[in-house]
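Same order as they appear, the protein sequences are chains A and B. Residues in the first sequence are numbered consecutively from 315, following my numbering. Residues in the second sequence are numbered consecutively from 315, following my numbering.
To be clear, the hints were calculated from the coordinates, so they are not data collected in a lab. Please note that the accuracy of each hint is not assured.
Unchecked claim - These stretches of chain A come out as covered by chain B in the derived footprint (C-beta under 8 Å, 3 or more residues):
hint, segment
1, 443-457
2, 557-567
3, 724-738
4, 743-752
As the list claims (entries may be wrong) - Have a look at the derived ranges for each label pair, beta carbon to beta carbon:
hint, chain 1, residue 1, chain 2, residue 2, range
5, B, K942, A, G912, 31 to 41 Å
6, B, D819, A, T937, 29 to 39 Å
7, A, A943, B, S707, 40 to 50 Å
Here a beta-carbon is modelled for each residue, glycine too, at the ideal position from N, C-alpha and C.
2 protein chains.
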Amino acid sequence: MATDAVVSPQPESAREPSAGGYVQPAPDTAALQRVLDGRYAEVRDLVRRNLVDYAGLLEEAESLDRDAFRDRVLEVVLDIARTGQTGFGFPTEYGGGGDIGASIAAFETLAYGDLSVLVKVGVQFGLFGGAVLQLGTKRHHDAYLAGTIDGSILGAFAMTESGHGSNVQALATTATYDVATGEFVVDTPHDAARKDYIGNAARHAELAVVFAQLHIGGESQGVHAFVVPIRVRDEDGNLVPAPGVRIEDCGPKMGLEGVDNGRLWFSGVRIPRENLLDRFADVNEAGVYSSAIESPGRRFFTTIGTLVQGRVSVGGAAINAAKVALVLAVRYAERRRQFEATGDAEELLLDYGMHQRRLLPLLARTYALHFAQEEVAGRLHSVFSGEEDSERSRRALESEAAGMKAFGTWHATRTIQECREACGGAGYLSASRFAALKADTDVFTTFEGDNHVLLQLVAKGLLTDYAGDFQDADQFEMVRLVAGLALDEVVKRTRAHQLFERVRDLLPGGDEWDSEAGLRDPAYQLAMLRYREEQIISSAARRLKSGVDGGLNPGAVFSRVQPHVIAAAKAHQERVVLEAFLGKLDGLPDGEEKRALGLLADLHALSVIEEDRAWFLEHGRMTSTRAKAITREVDDLCRKVRPLARVLVDAFAVPEEVLRAPDLLGPVVVAAEQGDGDDAAHHTLGETAEQVADQA
Amino acid sequence: MATDAVVSPQPESAREPSAGGYVQPAPDTAALQRVLDGRYAEVRDLVRRNLVDYAGLLEEAESLDRDAFRDRVLEVVLDIARTGQTGFGFPTEYGGGGDIGASIAAFETLAYGDLSVLVKVGVQFGLFGGAVLQLGTKRHHDAYLAGTIDGSILGAFAMTESGHGSNVQALATTATYDVATGEFVVDTPHDAARKDYIGNAARHAELAVVFAQLHIGGESQGVHAFVVPIRVRDEDGNLVPAPGVRIEDCGPKMGLEGVDNGRLWFSGVRIPRENLLDRFADVNEAGVYSSAIESPGRRFFTTIGTLVQGRVSVGGAAINAAKVALVLAVRYAERRRQFEATGDAEELLLDYGMHQRRLLPLLARTYALHFAQEEVAGRLHSVFSGEEDSERSRRALESEAAGMKAFGTWHATRTIQECREACGGAGYLSASRFAALKADTDVFTTFEGDNHVLLQLVAKGLLTDYAGDFQDADQFEMVRLVAGLALDEVVKRTRAHQLFERVRDLLPGGDEWDSEAGLRDPAYQLAMLRYREEQIISSAARRLKSGVDGGLNPGAVFSRVQPHVIAAAKAHQERVVLEAFLGKLDGLPDGEEKRALGLLADLHALSVIEEDRAWFLEHGRMTSTRAKAITREVDDLCRKVRPLARVLVDAFAVPEEVLRAPDLLGPVVVAAEQGDGDDAAHHTLGETAEQVADQA
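Only chain A is shown next, with the shape it has when bound in the complex (with noise of 0.2 Å):
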């Protein structure tokens, strides 16, 4: 490459042992890239060659009008979808590949290209495919999961209306059955009912899984899953709205304009009975209603349940996302050089220490919720395949597809942010991805659950040690189970409990384990994050419980502990996808990569638990020597891992083709007359393995 000779990532120097006898690890690109890409290379590199055959796409995203973008963009879909990529996760005998593990990779790795497109493949074949295939029965798959995988049924997923997203359960649209004609009609009893936000609805989509209150002889009977046409043919075999429902654009979006999003009303909409989604429930033709799950809630949570795919698919996109963006920032600052130390040459971004604080941290944390996603995206794959299907396996995968969607989709944000910020005015040009990179992915945060609400979710299990349905959003809930229970109750009914004592298995150090292990022991640094878990677990619950005991009503306890709550969420999340980095680690074979990725873990580590430093000093759990000595080491990491940060985001493989970015990692940038090719030679601010060795 053009670059090559530009970059030193790994100056001769550093490989010489130092008097410290410290070493610079020296990882192979292709080999850390085996490490990532895992179980699933062959599926992502076949999303790879087809990134770099549509890689157009990301030019058409600027060139071409709003209509002609979307119509292009379903194209796309459909040439890819022609590979068999996007339909991994449907049975074999519809034309599917049978492996859903094999599905959320390739969802994953199709994040490094136009984010349009993968939403438009994440509706079709995710939600409204992932609706028909589990929430129907066989009547529905042989009538659609053939066409869904090959495109030429196109479906939209109509649940959220414009007054509820986040709670589900008190949707508006009603399905009211017919008796005498044996059909549900589907009704928008108010605007605030519309369906809204909805994707492929606008432009694309002929049918929807439509999610309404199935009201049987003037009863509810909660909400279900129905399949409404809502386009026919005309005459002349143009698509038209289908009688009694109205279509509306939702009109210009801060960014995934490739996609068709577009608001819903239904009139007297007649659907014949067979179109209710009927696998956790049915109506048969005289109106019984039954089911096999007996309790409304919990049949509607089973539901909900099944959708989980979509939150893993959102989680594992946006950290892919992030991946770009750290790409981009990283190649540039090993080029871009602004101000002289010396006299000679200028010096290189990424030589300054304030630039690596920046940008490193936000790389390893990338490793370590690449790692964690793996682990639920696995889980995903036993749980629904049936390798390791239970009530428990569920919940668990519920749980961390939760909390992986809300971590994943915030690092993407944020590290899309601060790259762009890196990266200066070149980072600003829409040609430099990251324009589109911001505006595609801001809504990752809010979609497919709320971040906060899912936060919320995450907490309550844990609170109650899942005594409620795990999807239900409702926190009150939670708060008058706390209620009815002892205090003593409340605290053991946490997992707190558990992980306390795992705290003791790990550092058997007595009440001092805090500050005599190794800043870099990984079991110093579980330890600090479980610890930390359980103590704002335990505190949430006591303050529930006082909260009710003292009189408030649930409203208000809930209103002042939420923090808290999700605090709680946060320390635990944080602790799985530590572990999972961790566990990975393990993992591995001895040897250079795993030399470099434990540096990785430990700035990852580190770094958490720096940022987090006022609480551990709160409830002494560190002294302010150690808090200085950790950000010490955080620093000293940073220097550590600069010479392998760009191993480490080429082990992204990123298709050059969909880098574009011109301004970022092509010759222009560099202050080309002030010595291209010999960076080694004045590399002032980039110091020696002696000098770093000389601070461990």
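Got chain A; can you put chain B on it based on the hints?
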């Protein structure tokens, strides 16, 4: 307004004195607006009227193609120029308003609307016009100012090059004096020296102020500014690039698509000797260079220093963009309901503790930054109007402008992001304004001085007591300055000592001052921020000195100390902002507005202290008990500010016409079936004054 029936910003119950004697303040919106609008209320109202007149532009930004939108933006800029809004900063004899303070107020207020208009105004009147005014002399004023003010002359400001943004002294464009013809010859020696991201260059500008290395007789005199015609009329009267000038469009950008950013290359472009902007240096016909400022460095930084108005403008505009986001998010959160606590109606988002925590400290900070910005703008006015123009006041202005620009623009990025997420899917629609707010303001953090580089300037001033040239972004010079001094001298040179004495003046409670004062005592809050500032400055000075003494080269020293240097500047700026807020409060007459702003100042100050409580804990200036008390106080203040939130955002007086956002402010998103019109009745999450007081 339609929405008034739905919200109850000031529930009646809250007005009754509670058991604890706490009564919610009841500020008047118009009175608060007067406090905010300050001295330039009329100017701001003029801009508000113009914003309403051209509110349609916000939709045109979405519907017009790029060229058409750029032309439309220019048209609007010229239209509003006719109202006098954009000319306040110019001398009256050329048709200006002769009031720099008014010019800043107008620019800030313009940020409520489309930001392409804002930036186009900034380029034409601030950068181009400002350079002619500040760097030119009468011949240039006579030739260009009247035309600049009325828009008949359109100009660009060509400083940044692809290879150099922050390091302006290293620009590579050359202007070589040809004594034979009495002309300067302007050249782009290599591709990294092309002028880049230049507003107005791609389409509209006829002239550019070009910054280039002045060469005379083989000798370089450093960077100077020249007026260069970049476009001329061809025989058909069309504007075409001038001979020797190559112009390229920068292409699509993340935002600000109404601004025509371009690239410029010069090849032997000849301009008359008189086109040198010669306020600080001149070249006579014979090619003899002369300047009243002897030192070339000093000359350069004096030149750059006159352009400080751009930074003041951007900082103020960013704060106002954040206000728009807060108006939307607060009004939405006062209407939008989700989840039932007690079975009658769902809860308002703003009654959730977490939602208060997300939005209200940002609202408080917006007020704080507004008042700090008002001070900087006031100083700009007094310096540039000659009221108080000294070396010292210029330095102070440059430092404050740099700090405010960084703080204001980062605050905008963060606030707009948080507010978007707080508005869910509806916030993602372009009609909700967040799309443009996010995309357009994004570049604010890196243009007009990269925020990190600006904070380094601030720190350098603090660390060297302004021994070097303030505008010199070369931080290695700071290291070299420090290198020559003894440690005592280094620390004495910083301004830390003075600060610490002021801490003792504020709270004379001995060593325990920090744990004995009341949390809501402004003297305590200020003492904490001063102490932190003093400590970090001293510590950064010590680290610099010990790095140098330890034999590291200046590059390595600076790289290591850089995060501390940035932290010093941030600590300084936080103190400056809080002082401004408290100073403003002091000057207000007693009353409901002062009481409301007092709560807000407490919320701001304690949020800042809470956010960095790790530092205070580490440095022995806070106990764990106190840290937790601060968190409780912030929670309590959030509950007290919550009923005021609507009035506080209404006082920004953002015209309804530019808010758009039908899905956030209109009736649809409220769960209309569930109890519109009598919110107060089921205000279960919201607490009464008694309950709030019980906490206090």
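Against the structure, the hints:
no.: 1; hint: 443-457; result: violated (count 0)
no.: 2; hint: 557-567; result: holds (count 4)
no.: 3; hint: 724-738; result: holds (count 5)
no.: 4; hint: 743-752; result: holds (count 6)
no.: 5; hint: B:K942 to A:G912: 31 to 41 Å; result: holds, 36 Å
no.: 6; hint: B:D819 to A:T937: 29 to 39 Å; result: holds, 32 Å
no.: 7; hint: A:A943 to B:S707: 40 to 50 Å; result: holds, 43 Å
In this structure, the one hint that does not hold is number 1.
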